[in-house]
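Trainee: Under my numbering, the residue at position 76 of the sequence shown is numbered 76, and the numbers go up by one with no gaps.
No wet-lab data here; the hints were simulated from the structure.
Glycine included, every Cβ here is placed at the ideal spot set by N, Cα and C.
The reader is advised that the hints may include incorrect statements.
Calculated pairs, EDC-like style, for lysine to aspartate or glutamate (alpha carbon to alpha carbon, straight line, at most 20 Å) [said to hold, decoys possible]:
hint, residue 1, residue 2
1, 45, 66
2, 45, 31
3, 79, 105
4, 33, 50
5, 114, 104
6, 33, 7
7, 70, 104
8, 79, 31
9, 58, 42
10, 70, 105
11, 58, 68
12, 70, 49
13, 79, 62
14, 79, 49
For each label pair, taking beta carbons as the anchor points, the in silico distance ranges come out as [stated by the list, open to error]:
hint, residue 1, residue 2, range
15, 110, 12, 55 to 61 Å
16, 7, 53, 31 to 37 Å
17, 70, 6, 55 to 61 Å
18, 53, 28, 22 to 28 Å
19, 12, 77, 57 to 63 Å
20, 60, 5, 56 to 62 Å
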Amino acid sequence: MAVRLHDCSATVFGPRVHSWQCNRHGVIERDGKWYCRQHDPEAIKNRRDESNQQWRNKQRRDDAIETEGKRLARRLGLKATTYWHHGSTLSKSGPSRALVIDFDELAKWAENHKRLSEVE
Numbered sequence: 001m002a003v004r005l006h007d008c009s010a011t012v013f014g015p016r017v018h019s020w021q022c023n024r025h026g027v028i029e030r031d032g033k034w035y036c037r038q039h040d041p042e043a044i045k046n047r048r049d050e051s052n053q054q055w056r057n058k059q060r061r062d063d064a065i066e067t068e069g070k071r072l073a074r075r076l077g078l079k080a081t082t083y084w085h086h087g088s089t090l091s092k093s094g095p096s097r098a099l100v101i102d103f104d105e106l107a108k109w110a111e112n113h114k115r116l117s118e119v120e
C-alpha cells in the first residue's frame, strides 16, 4: 500500500505581490489541513511566543539598567537623558537605549568633586 503524501496548505508570499502554495510535503495535520514543519500553525505560535518573551525580557533588563543609571546620576547630582540609538546615531526613538550624561556637566562635577576631596 502506497503512502499518500499531502502538500503543505500554507501560502508563501514572494518579494513583491506574487504568492504560491508551499511546495513542501505536509507532515502535520491541523483542522483538516496539512502543513510542513515550518508552516505548522502551532510551531509558528510557539516561535512567535518565544521571540516575544525574549523581547520582553530584554525590555525589562533595559528598563532596570536605565532606572539604576538615572538613580546613580541623581545621587551624583547629574542630569541623565535617555536616548535611543541606531548604531552610532542618537535620537529620541530607536531600537536600543543609551543613558547619556552631558560631558561638560560631568567635567564640572569632577572638578567640584576634586575640590571637595582636596578640602578634606
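Trainee: Each of the hints needs a verdict: does it hold here or not?
Mentor: Each hint tested on the structure:
Pair hint residue 45 plus residue 66 does not hold up; C-alpha atoms about 31 Å apart against a cutoff of 20 Å. The straight-line distance between the Cα atoms of residue 45 and residue 31 is roughly 15 Å, inside the 20 Å bound, and the hint therefore holds. Simply put, residue 79 and residue 105 have alpha-carbon atoms about 8 Å apart, close enough for the 20 Å limit, and the pair holds. Taking the CA atoms of residue 33 and residue 50, the gap is about 25 Å. The hint is violated against a cut of 20 Å.
Pair hint residue 114 plus residue 104 holds up; C-alpha atoms about 15 Å apart against a cutoff of 20 Å. Taking the CA atoms of residue 33 and residue 7, the gap is about 9 Å. The hint holds against a cut of 20 Å. Annotation: proposed proximity of residue 70 to residue 104 holds, straight-line Cα distance about 17 Å (limit 20 Å). Straight-line distance between C-alpha atoms of residue 79 and residue 31 comes to about 58 Å, which puts the hinted pair past the 20 Å bound.
Under the criterion of a C-alpha separation no larger than 20 Å, the hint pairing residue 58 with residue 42 is inconsistent with the structure, at around 24 Å. With a C-alpha separation of about 15 Å, the suggested pairing of residue 70 with residue 105 holds against the 20 Å cut-off. Pair hint residue 58 plus residue 68 holds up; C-alpha atoms about 15 Å apart against a cutoff of 20 Å. A distance of roughly 31 Å separates the Cα atoms of residue 70 and residue 49; the hinted pair therefore is violated under the 20 Å criterion.
Among the hinted pairs, residue 79 with residue 62 is consistent with the structure: their alpha-carbon atoms are about 19 Å apart, no more than 20 Å. For the proposed pair residue 79 and residue 49, the alpha carbon gap of about 38 Å is over 20 Å, so the pair is violated. Between residue 110 and residue 12 the Cβ separation comes to about 59 Å, which falls inside the hinted range of 55 to 61 Å. The hint said 31 to 37 Å for the Cβ distance between residue 7 and residue 53, and at roughly 32 Å that hint holds.
Remark: the range hint 55 to 61 Å for residue 70 to residue 6 is upheld by a beta-carbon distance near 57 Å. Take residue 53 and residue 28: their Cβ atoms lie about 23 Å apart, and the range 22 to 28 Å holds. The hinted window of 57 to 63 Å between residue 12 and residue 77 holds, with their beta carbons roughly 58 Å apart. The supplied range of 56 to 62 Å is broken by residue 60 and residue 5, whose beta-carbon atoms lie about 46 Å from each other.
In terms of the numbered hints stated before, the structure departs from hints 1, 4, 8, 9, 12, 14 and 20, listed from lowest to highest.
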